[in-house]
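A.B. asks: In case you want the letters, here they are:
There are 2 protein chains.
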Amino acid sequence: MERSYDDKLKNRNFGDLFYETQYWLIFLAPNQSNIGTCVIALKRHCGSLSGLKEEEWIDFGKTVKQIESSLKKAFNPTLFNWGALMNTDYMNEKPDPHIHWHFIPRYRQKVEFGGLIFEDLYFGSMHPRPVLEISENARQMIIGKIKENL
Amino acid sequence: MERSYDDKLKNRNFGDLFYETQYWLIFLAPNQSNIGTCVIALKRHCGSLSGLKEEEWIDFGKTVKQIESSLKKAFNPTLFNWGALMNTDYMNEKPDPHIHWHFIPRYRQKVEFGGLIFEDLYFGSMHPRPVLEISENARQMIIGKIKENL
Numbered sequence: 004m005e006r007s008y009d010d011k012l013k014n015r016n017f018g019d020l021f022y023e024t025q026y027w028l029i030f031l032a033p034n035q036s037n038i039g040t041c042v043i044a045l046k047r048h049c050g051s052l053s054g055l056k057e058e059e060w061i062d063f064g065k066t067v068k069q070i071e072s073s074l075k076k077a078f079n080p081t082l083f084n085w086g087a088l089m090n091t092d093y094m095n096e097k098p099d100p101h102i103h104w105h106f107i108p109r110y111r112q113k114v115e116f117g118g119l120i121f122e123d124l125y126f127g128s129m130h131p132r133p134v135l136e137i138s139e140n141a142r143q144m145i146i147g148k149i150k151e152n153l
Numbered sequence: 004m005e006r007s008y009d010d011k012l013k014n015r016n017f018g019d020l021f022y023e024t025q026y027w028l029i030f031l032a033p034n035q036s037n038i039g040t041c042v043i044a045l046k047r048h049c050g051s052l053s054g055l056k057e058e059e060w061i062d063f064g065k066t067v068k069q070i071e072s073s074l075k076k077a078f079n080p081t082l083f084n085w086g087a088l089m090n091t092d093y094m095n096e097k098p099d100p101h102i103h104w105h106f107i108p109r110y111r112q113k114v115e116f117g118g119l120i121f122e123d124l125y126f127g128s129m130h131p132r133p134v135l136e137i138s139e140n141a142r143q144m145i146i147g148k149i150k151e152n153l
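Same order as they appear, the protein sequences are chains A and B. So in the numbering used here, the last one in the first sequence is 153, and the numbering has no gaps at all. So in the numbering used here, the last one in the second sequence is 153, and the numbering has no gaps at all.
Hints in this document: simulated from the structure, not taken from any laboratory. Each hint should be verified, as a subset may be incorrect.
A pair counts as met if it fits within one copy or between any two copies, since identical chains are not told apart.
Unchecked claim - Straight-line C-alpha distance at most 20 angstroms; calculated EDC-like pairs for lysine to aspartate or glutamate:
id : residue 1 : residue 2
1  : K65       : D92
2  : K68       : E58
3  : K113      : E96
4  : K68       : E57
Isolated chain A, as found in the complex (with noise of 0.2 angstroms):
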């Protein structure tokens, strides 16, 4: 990568980096209203899924075997929800997308960790989640147990 993009990157607000794959980066998201929400972002610069080549999907298909499987480890999830969409970059006057996944993991139950309660409100849809910013802090011992299991 180079500097100039990592800079790029960090202005597009996909939260905190922890981990990464051949192709891939691995945040946490801002909104952890679902806990151990991520987003997985390519690493080179491209806009749309149709650009991504063969080795990319090979790997994204890795990645998300091994995302899935710490979440589970992690905190237990019902099931997962993955999403391209790059809606926002479309209200800039000039759009300039880059390839991201939402990763939101689902849970029927009640999760509580780290002195913290993180309750899916809307279990089962798509009704659109309330924003859970927490702190630095929370965000690390979030990090740490999913990177233990990854």
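Using the hints, position chain B against chain A.
C.D. replies: Chain B in isolation, oriented as in the chain A frame:
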């Protein structure tokens, strides 16, 4: 595909099957509020993305490229949303999810086709879209237009 499984898929209300690749089936989704919205379902039964095989990811990548390119030529959407959710299946007493992708073209502009007007009211967001069910005849015209460009 075993015959019994065909029937199972039919009950899932994915829409009108109109195309298949090596591992995936493409349906025109029942809700056409965004014209060209499709469901792409795995042929074999598998309940989570972690279970996908390398060759299924590779074929999925090709399918993404093919259907995005076809839609672009057919109706000129601004961008595409992709999501694998499987939420509603978990509202059943005995969940039996089946991998399927929601492929939702998003439009900055209105589209007129076959005497109907299609408007993406919440362009730029994931606000739930209104439901627009159209006639069998209109669905077949849309399928024809997509297949012309596949």
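A.B. asks: Confirm or reject each hint.
C.D. replies: Hint check results:
When the C-alpha separation of K65 and D92 is checked against a cutoff of 20 angstroms, the pair qualifies neither within a copy, at 27 angstroms, nor between copies, at 24 angstroms. When the C-alpha separation of K68 and E58 is checked against a cutoff of 20 angstroms, the pair qualifies both within a copy, at 16 angstroms, and between copies, at 15 angstroms. In this assembly of identical chains, K113 and E96 lie within 20 angstroms of each other by CA distance solely across copies; the values are 19 angstroms between and 40 angstroms within a copy. Taking the shortest alpha-carbon separations for K68 and E57, both the intra-copy value of 17 angstroms and the inter-copy value of 11 angstroms come in at or below 20 angstroms.
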